[in-house]
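J.: For chain A, the structure is supplied; the task is to place chain B on it using the hints.
2 protein chains.
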Amino acid sequence: MNDISSGKLRGIMKLADASGRFKMMAIDQRGSMVQALADALDKEKDDVHYDDVAALKTLITRVLSPNATAVLTDPIYGHPYSITEIPRDVALLLAYEESGYVSEGVGENERLSNPISNWSIAKAQRAGADAIKLLAYYHPDASSETLKHQQAFVRHVGDECEKQDLPFLLELVSYALEGTTKSVAFAKQKPDLVIRSVAEFTDPSYKVDILKLEFPADLKYTADYQDASFYAGDSAYGLAEVKEICQKLDETSTLPWVILSAGVDIEEFIENVNLAAGAGASGFLCGRAIWKDAVQYYPDTGAVTQFLENEATTNFKNANAAAENALPWFEHRQFGGAANVQVSKQSATWYQDY
Amino acid sequence: MNDISSGKLRGIMKLADASGRFKMMAIDQRGSMVQALADALDKEKDDVHYDDVAALKTLITRVLSPNATAVLTDPIYGHPYSITEIPRDVALLLAYEESGYVSEGVGENERLSNPISNWSIAKAQRAGADAIKLLAYYHPDASSETLKHQQAFVRHVGDECEKQDLPFLLELVSYALEGTTKSVAFAKQKPDLVIRSVAEFTDPSYKVDILKLEFPADLKYTADYQDASFYAGDSAYGLAEVKEICQKLDETSTLPWVILSAGVDIEEFIENVNLAAGAGASGFLCGRAIWKDAVQYYPDTGAVTQFLENEATTNFKNANAAAENALPWFEHRQFGGAANVQVSKQSATWYQDY
Chain A
1 MNDISSGKLR GIMKLADASG RFKMMAIDQR GSMVQALADA LDKEKDDVHY DDVAALKTLI
61 TRVLSPNATA VLTDPIYGHP YSITEIPRDV ALLLAYEESG YVSEGVGENE RLSNPISNWS
121 IAKAQRAGAD AIKLLAYYHP DASSETLKHQ QAFVRHVGDE CEKQDLPFLL ELVSYALEGT
181 TKSVAFAKQK PDLVIRSVAE FTDPSYKVDI LKLEFPADLK YTADYQDASF YAGDSAYGLA
241 EVKEICQKLD ETSTLPWVIL SAGVDIEEFI ENVNLAAGAG ASGFLCGRAI WKDAVQYYPD
301 TGAVTQFLEN EATTNFKNAN AAAENALPWF EHRQFGGAAN VQVSKQSATW YQDY
Chain B
1001 MNDISSGKLR GIMKLADASG RFKMMAIDQR GSMVQALADA LDKEKDDVHY DDVAALKTLI
1061 TRVLSPNATA VLTDPIYGHP YSITEIPRDV ALLLAYEESG YVSEGVGENE RLSNPISNWS
1121 IAKAQRAGAD AIKLLAYYHP DASSETLKHQ QAFVRHVGDE CEKQDLPFLL ELVSYALEGT
1181 TKSVAFAKQK PDLVIRSVAE FTDPSYKVDI LKLEFPADLK YTADYQDASF YAGDSAYGLA
1241 EVKEICQKLD ETSTLPWVIL SAGVDIEEFI ENVNLAAGAG ASGFLCGRAI WKDAVQYYPD
1301 TGAVTQFLEN EATTNFKNAN AAAENALPWF EHRQFGGAAN VQVSKQSATW YQDY
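Line order of the protein sequences matches chains A and B. For the first sequence, position 301 (counting from the first letter as 1) is numbered 301 according to the working numbering, and the numbering increases by one without interruption. For the second sequence, position 129 (counting from the first letter as 1) is numbered 1129 according to the working numbering, and the numbering increases by one without interruption.
Next comes chain A alone, as it looks inside the complex (with noise of 0.2 Å):
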């Protein structure tokens, strides 16, 4: 049998659908939306509103979250506004870290991700998030402070939410120590960078439930897609190896895990998913690569809703299909079956000295 205790248990379960597969939206994004309302409005990224980044998140989370089994946003743009057009059998992640990273006084590039101040995850309980999501950007060559920084945040939420019994899912995002990540140079890096980012925080000190991954190729990449819309015109690797890759990051991923979009196009990330789900993943947790073409019609609302509802809609249910074919968390070795999982310390004192 498979302990679990029993808040992550019904939180876990809240996250997927009966079939234990999640089909996650996220709507949480700061930085990347002011910059995308900012192109819409042709303004500079500080002159964007508080107001029109709420009323967009909420305009999104009304029309995409009856499609999902959970909705993943932030306290500051998101929930106030957004909680009440979450449907009642929708769960609720709420995010930790402050949009983006620091950069000062670590090495080039490297980046330190850190809270939002005043936030916690006390808090998230309180206000109704069934889930705890923390991105930590991740290089595992960079210098061994940022490697420690990192990894003491993403420990210190671990243990809040084994303190507070919520699930917590880990948000893995790689960078480029040099040069760009759209490169077919960091395209090869990525299967290590992800798979060794894994290895890592599997490691049970760090106390997470669910990975939220990169997928661990770049499929602009890959010869076999030379037809795709997405393809760049250059090769790392081939679509059998980038199955084997798949295959590698699930063998080392002690975890249940889902893949993220990281903003690429619908066509690429259904391709993410088929090949994520074929190796072992439990679904997906997906923003832009769903709504993000609504943010340019912004401020005409009549037309935003009008991509939401057809062309972003659509997009939904083609990434709910692609997730058909994900392994039910429960049956990630983890946990072995349903029929495996259990609350953990169950008696008729449990309560006593929980």
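In case anyone wonders, no lab produced these hints; they're calculated from the structure. Cβ coordinates follow ideal geometry from the N, Cα and C atoms, glycine included. Be careful, since some hints might not be right.
[Said to hold, decoys possible] A short list of chain A residues far from chain B (calculated; beta carbon distances all over 10 Å):
#, residue
1, Gly105
2, Ala176
3, Ser183
4, Lys207
[What the hints assert, rightly or not] What follows is a list of derived Cβ distance ranges for each label pair:
#, chain 1, residue 1, chain 2, residue 2, range
5, B, Lys1148, A, Asp47, 56 to 66 Å
6, A, Arg62, B, Asp1159, 32 to 42 Å
7, B, Ser1344, A, Ser229, 40 to 50 Å
8, A, Glu108, B, Ala1338, 51 to 61 Å
9, A, Thr314, B, His1049, 52 to 62 Å
10, A, Pro66, B, Thr1180, 44 to 54 Å
11, A, Asp159, B, Ala1338, 35 to 45 Å
12, A, Leu41, B, Ala1199, 50 to 60 Å
13, A, Lys317, B, Gly1278, 37 to 47 Å
14, A, Ala38, B, Ala1339, 25 to 35 Å
15, A, Asp141, B, Ser1117, 47 to 57 Å
16, A, Arg333, B, Thr1180, 51 to 61 Å
[Claimed, not checked] Partial list, computed: chain B residues near chain A (C-beta under 10 Å):
#, residue
17, Gly1011
18, Leu1015
19, Ala1018
20, Ala1127
21, Lys1163
22, Ala1348
23, Tyr1354
T.: Below, chain B without anything else, positioned relative to chain A:
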């Protein structure tokens, strides 16, 4: 606009169906469940095993939960073994009070409610509760000592629920200071007892969110039901008066309210739901009227299951159908419609001092 804190709002949304109607099942019985099992097993109450109570609760929860919008269970026998049986889209209510009551040191027949020791509302939240239920016995003409104790107990739970931002569902159960509740004399007193209790605990200082109430009259003693199987052979009032009593209760309740079943037979309970919904109740929280006849078959779990899958499921569906006429919680005059419900303290910085 009618403001509500975000945790309470999410919790209340989860307890009700998407239309705002509560169709909730209670399986938190302890004393009465142990007694029913003792009868079924032809044992003394003290000889009933914990494991049998837990197993029966698990079975009832497994078969019937999918019909409910929320399930109320207890932390002792119910939670550790049956939480895995509650579907992801069925909310979880946990009981706070110790089963039964204490009568020592107070006036004759008076009842004091008490907490389960070493249990707390913060623990319930961590363990996955979407809301807290407290049963308080109440007789408005009890001694001031008893009244003060009960009022302080309710106020304590109201304060703790506010602290955790969890919905507080208060169940009020009246009793006879003299004689028995199964009498035409008590039936005549009941409307006054229920309505005066509602007047007391809707005071904002108690911080109650939803009231779980007895039907404010007794149809066993209602002349118009003289041909019904449950009629007791003597009348306290007619149906027109009962409808007026329900209206008066609704006028007194400044909070959404639901009806409890107190173990009456299903025919009578359906009438209770019809009449209460007609007067403005928002649904029900019902246990024994739906499943009580299953207990007699224990330990023949096959027979228990068969009863639950057939008669009890039919009972549940009939109760749900009756609740379709209930008033959605957000249509209660406290809220005034879904469009008027908004999260309190909405701002860009709400989370900083939340």
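J.: Evaluate each hint against the coordinates.
T.: Structure-based check of each hint:
No Cβ of chain B approaches the Cβ of glycine 105 of chain A within 10 Å, the least distance being about 26 Å, so the stated non-interface status holds. Consistency note on alanine 176 of chain A: stated as away from chain B, and its beta-carbon is indeed over 10 Å from all of that chain's, at 33 Å minimum. For serine 183 of chain A, the requirement that its beta carbon stay farther than 10 Å from each beta carbon of chain B is met, with the minimum near 37 Å. The claim that lysine 207 of chain A lies off the interface holds: its Cβ sits roughly 15 Å from the closest Cβ of chain B, which is beyond the 10 Å cut-off.
Separated by about 59 Å at the C-beta atoms, lysine 1148 of chain B and aspartate 47 of chain A satisfy the suggested range of 56 to 66 Å. Checked against the hint of 32 to 42 Å, the pair arginine 62 of chain A and aspartate 1159 of chain B passes, with Cβ atoms roughly 34 Å apart. The given range of 40 to 50 Å is respected by serine 1344 of chain B and serine 229 of chain A, whose C-beta atoms sit roughly 47 Å from each other. Between glutamate 108 of chain A and alanine 1338 of chain B the Cβ separation comes to about 53 Å, which falls inside the hinted range of 51 to 61 Å.
In this structure the hint that threonine 314 of chain A and histidine 1049 of chain B lie 52 to 62 Å apart at CB holds, the actual value being about 56 Å. Range check, proline 66 of chain A to threonine 1180 of chain B: about 51 Å between beta-carbon atoms, so the 44 to 54 Å window is met. Under the hint 35 to 45 Å, the C-beta atoms of aspartate 159 of chain A and alanine 1338 of chain B, about 39 Å apart, fit the expected range. At roughly 54 Å, the beta-carbon separation of leucine 41 of chain A and alanine 1199 of chain B lies within the given 50 to 60 Å, and the hint holds.
The hint said 37 to 47 Å for the Cβ distance between lysine 317 of chain A and glycine 1278 of chain B, and at roughly 41 Å that hint holds. Checked against the hint of 25 to 35 Å, the C-beta distance between alanine 38 of chain A and alanine 1339 of chain B comes to roughly 31 Å, which is consistent with it. For the pair aspartate 141 of chain A and serine 1117 of chain B, the beta carbons lie near 54 Å from each other, so the given range of 47 to 57 Å is met. Judged by the Cβ atoms, the range 51 to 61 Å given for arginine 333 of chain A and threonine 1180 of chain B holds: they are separated by roughly 59 Å.
Annotation: glycine 1011 of chain B was flagged as interfacial toward chain A, and the flag holds, the nearest CB pair being 7 Å apart, inside 10 Å. Contact between leucine 1015 of chain B and chain A, as hinted, is supported at the beta carbon level, the nearest pair being about 8 Å apart and thus within 10 Å. The restraint placing alanine 1018 of chain B at the interface with chain A holds, with a minimum CB-CB distance near 6 Å, inside the 10 Å limit. Satisfaction of the interface hint for alanine 1127 of chain B is found here, the shortest Cβ-Cβ separation to chain A being roughly 5 Å, below the 10 Å cut-off.
The criterion of a C-beta within 10 Å of any C-beta in chain A is met by lysine 1163 of chain B, whose closest approach is roughly 8 Å, and the hint holds. Among the interface hints, the one on alanine 1348 of chain B holds; its C-beta lies about 5 Å from the nearest C-beta in chain A, closer than the 10 Å criterion. Checking tyrosine 1354 of chain B against chain A: minimum C-beta separation of about 5 Å stays under 10 Å; hint holds.
Every hint, counting from the list given before, is met by this structure.
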